[in-house]
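**Student:** Now for the letters of each chain:
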Amino acid sequence: MQTEPKIKKILPLLILVSPLVLGWLALFIGAYGIEPFDILSYLFDAIFNPVALDSGEKAILFDIRLPRIILAGLVGIALGGSGVALQGIFRNPLVDPFILGVSAGAAFGCALSVGFFPHLPVQIAAFVFGILSVLLTFTIARTQGEVSRLPLILSGVIISAFFTALVSIVKFLVDPQKLQSIVFWLMGSFALAGWRTVGIAAVGIALGLIPIILMRWRLNVMSMGEEEAKTLGIRVTRERIIFIAASTLMVSVAVSVSGIIGWVGLMAPHLVRMMTGPDHRSLVPLSMAGGAAFMIFADTVARSLTNIDIPVGIITAVIGAPFFIYLMKQGGSESWGR
Amino acid sequence: MTVLVAVILLLTALVSAACTETITFKDKLGRRVNISLPVRRAVFFETYELTAALGVWDRVAGISRYAYTNDLMLAVKPDIARTIPSVGSGFDVNIEALLRLRPDLVITWAFNPETIRFMEEKGLKVVALYPESIEELYEVMRLQGRLFGKEKKVERCIDRMNRIFTLIGERCRKVPPQKRKKVIWLGGKQTSVSGAKGVNNDLIGLAGGINPAAVLKERSLDVSMERVVAWNPDVIFIWGGAKYNAGDLLGNSQWRHVAAIRKKQVYKAPQWGTWSPRLAVVALWMAMKTYPDEFRDVNFFKTADDFYRAVYGISYRSVSRIAD
Chain A
1 MQTEPKIKKI LPLLILVSPL VLGWLALFIG AYGIEPFDIL SYLFDAIFNP
51 VALDSGEKAI LFDIRLPRII LAGLVGIALG GSGVALQGIF RNPLVDPFIL
101 GVSAGAAFGC ALSVGFFPHL PVQIAAFVFG ILSVLLTFTI ARTQGEVSRL
151 PLILSGVIIS AFFTALVSIV KFLVDPQKLQ SIVFWLMGSF ALAGWRTVGI
201 AAVGIALGLI PIILMRWRLN VMSMGEEEAK TLGIRVTRER IIFIAASTLM
251 VSVAVSVSGI IGWVGLMAPH LVRMMTGPDH RSLVPLSMAG GAAFMIFADT
301 VARSLTNIDI PVGIITAVIG APFFIYLMKQ GGSESWGR
Chain B
1 MTVLVAVILL LTALVSAACT ETITFKDKLG RRVNISLPVR RAVFFETYEL
51 TAALGVWDRV AGISRYAYTN DLMLAVKPDI ARTIPSVGSG FDVNIEALLR
101 LRPDLVITWA FNPETIRFME EKGLKVVALY PESIEELYEV MRLQGRLFGK
151 EKKVERCIDR MNRIFTLIGE RCRKVPPQKR KKVIWLGGKQ TSVSGAKGVN
201 NDLIGLAGGI NPAAVLKERS LDVSMERVVA WNPDVIFIWG GAKYNAGDLL
251 GNSQWRHVAA IRKKQVYKAP QWGTWSPRLA VVALWMAMKT YPDEFRDVNF
301 FKTADDFYRA VYGISYRSVS RIAD
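If you read the protein sequences in the order shown, they are chains A and B. Here the first sequence stands for residues 1 to 338, numbered as in the numbering used here. Here the second sequence stands for residues 1 to 324, numbered as in the numbering used here.
So here's chain A without its partners, still in its complex pose (with noise of 0.2 angstroms):
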């Protein structure tokens, strides 16, 4: 039919804009309860009449609100790209950003933070941590300057167990309030989100970010075998290595600013697999995009379903999955592009 081809070219153009129709709309949702013509005011004073007045509604919308949905999407920018970088290097659709260790990494980190070292902010201790896991989990893997992807996949295994044992440590040392803000932590929540949160975020995130869109095309090399990838002339240990760095440093600034936030990173790739195919050269951008307007939307329901701030890991779960296993069933044999 005729419409068919038509839905499958503006696909990636809806998906692209997804995350800002959904920003958009999530402005106007929020506790405070501001009417959406005072909304729509607010932001035309912002745009073309800087020097008017300054007003408590004003700082919900631009203070607390606006850097709360920006950071969401970045976050999901991070997240989504991530996992879509990984799912490639490793030709394995069960593979997420955290495969590697950085979560129980950033997780020791934390724990550490707010359990012993009340002076260290726990961003910090979270981001650097999550690196060193990575870093680990490279050192082992390393054989003979080679760097292949089951070993990858092992040591990330190991060092995440070790990491998450290092936190149980700590959990079970310090007093019930402690191990309270640990845990709280832990589930993921952009509650605290502020401008100076974003600006770090968005510095971080855009460094991992460039490199992985512009080598996007070597994702398809990649993914086609190692063999044939070196034929191709790809330095397969070289590329691996720059992908799993940019990747890391994005999910460990997104990990340290948010707290852990699973599932975002496994189902955006394969939900924009299911509808763009596998072409790594549109996959990457649109499942960065796919993640942002997922993180934008779950966010909005954690803050604003209930009287509750719910942690947002909590909620990505809980919608993520069942939606996911709908589309599977919808997709059939389509879902890993074959």
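These are computed hints drawn from the structure, not numbers from a lab. Keep in mind that the hints are not guaranteed to be accurate.
As the list claims (entries may be wrong) - Result set (BS3-like, lysine-lysine): computed pairs, CA atoms no more than 30 angstroms apart in a straight line:
hint, chain 1, residue 1, chain 2, residue 2
1, A, LYS58, B, LYS181
2, A, LYS171, B, LYS77
3, B, LYS243, A, LYS178
4, A, LYS171, B, LYS217
5, A, LYS171, B, LYS197
Said to hold, decoys possible - To be clear about the criterion: a stretch of chain A counts as covered by chain B if any three or more of its residues have a C-beta under 8 angstroms from a C-beta of chain B, and this derived list gives those stretches:
hint, segment
6, 26-40
7, 128-137
Virtual Cβ for every residue (Gly too), placed ideally from N, Cα, C.
Fit chain B to the supplied structure of chain A, relying on the hints for placement.
**Tutor:** Okay, now just chain B, sitting in the frame of chain A:
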């Protein structure tokens, strides 16, 4: 001769039976516990700050490991780590160490029913406590008074606490209803608020404040920052163990329109446990910060010092003091 021995033995048995009284107490989990008095070897996983007031160290066979880092315990009994063994905490009981102490009563948190069942199976007598209001705290204090035969001391302690609460009540009653301030208590995170249940809410009520977070019926909840700003509290108290302090909120532009930040009424509470006679001092401090005009003639330091000396026998200077 044998008749005399028999009579003596019989009399001894009768006398010792008469000395053993049994009380029945319904604990936080609804269990009816029969405790025979007097208690000689008690193990405290919780509410150990009350024991510091009673001075019954010879009857304390074991204590929670958290007591070793508690400022009050260290001030009242500096050698506590050497003289009273620890058996873990309410969450992680070392059952062998506990049994070796041969306690006749174990006082613990109400949160671990499996642990309590386990201890009972091993033949221990367990009372589960978790005071959630000042009334319940008094109940627990009076129980401990009965257990150790220190009812008079407990009543004196409660009397001291009531004196402070009465002072607060008198002064705060003078504030007209429309001038009542909205007060919130923040926890480990800047968006963790204390709701309608629990001691923090009671303290706010006692200090004559209104807790806007009392629409939430739980003890403590995470809410979105927008909601806290929407409540627009006049005074904010921060839990003593939080990683952030008043300066962080005052300097945060996201909070700049909140009344408490504009009027600079943000305070960090001392890092004291809540189930303790010290509650009265915290309540006074909170009331004085919320309605400073009503308490201009009250010298906080002296009132606190008098209280500590009367209840614990130490000076206020020897414990960790409130930052302000």
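**Student:** Taking the hints in turn, state whether each one holds.
**Tutor:** Verification of the hints:
no.	hint	in the structure
1	LYS58/A to LYS181/B	holds, 24 angstroms
2	LYS171/A to LYS77/B	holds, 28 angstroms
3	LYS243/B to LYS178/A	holds, 10 angstroms
4	LYS171/A to LYS217/B	holds, 28 angstroms
5	LYS171/A to LYS197/B	holds, 26 angstroms
6	26-40	holds (count 4)
7	128-137	violated (count 0)
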